[in-house]
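Everything in the sequence shown is counted per my numbering, starting at 1 for the first residue and increasing by one.
Check each hint, because a few of them may be wrong.
Stated by the list, open to error - Here are the simulated lysine to any residue pairs, SDA-like style, with alpha carbons at most 20 angstroms apart:
id, residue 1, residue 2
1, K86, F10
2, K86, T12
3, K86, I7
4, K86, I9
5, K86, L5
6, K86, Y3
7, K86, A8
8, K86, S2
The set of hints was computed from the structure by calculation and includes no laboratory data.
Every value quoted in this text rests on a predicted model; they were computed, and no experiment measured them.
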Amino acid sequence: MSYELIIAIFGTTYAATFLGLVALGFGPLGVAGGSVAAFIQSAVYGAAVPAGGWFATMTGLGMTGGLHMVAGTAASALAGLAAWFKP
1 MSYELIIAIF GTTYAATFLG LVALGFGPLG VAGGSVAAFI QSAVYGAAVP AGGWFATMTG
61 LGMTGGLHMV AGTAASALAG LAAWFKP
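Given the sequences, and given the hints that come with them, work out the whole structure.
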């Protein structure tokens with residue numbers, strides 16, 4: 001496995017994780033109206049999202065730029081595994 005492939009794994013994983021979470025509706029302005037996240041919020045929680053729960057955490061990560069940390073961690077883990085098992 002080449003280093004170019006490891007870099008491609010990192011970039012693809014980062015983009016897919018970050019864009020996937022934004023596409024679900026966890027963005028910088030909070031939960032996007034009409035999104036999957038908005039549906040989950042209204043169906044499961046209504047107006048009372050519990051502090052510290054997974055939904056509140058994802059909303060906070062989206063609003064504070066923490067999704068970059070999540071995406072970077074996932075990408076680093078996969079690229080690191082690819083490098084570890086590189087023949």
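Hint-by-hint comparison with the structure:
1. K86 to F10: 14 angstroms, holds
2. K86 to T12: Distance of about 18 angstroms is within 20 angstroms: holds.
3. K86 to I7: The hint holds at about 13 angstroms.
4. K86 to I9: Cα-Cα ~13 angstroms, so holds.
5. K86 to L5: Holds: K86 and L5 sit about 10 angstroms apart, inside 20 angstroms.
6. K86 to Y3: Holds: K86 and Y3 sit about 9 angstroms apart, inside 20 angstroms.
7. K86 to A8: 14 angstroms, holds
8. K86 to S2: Measuring from Cα to Cα gives roughly 8 angstroms; hence the hint holds.
Of the numbered hints listed earlier, not one is contradicted by the structure.
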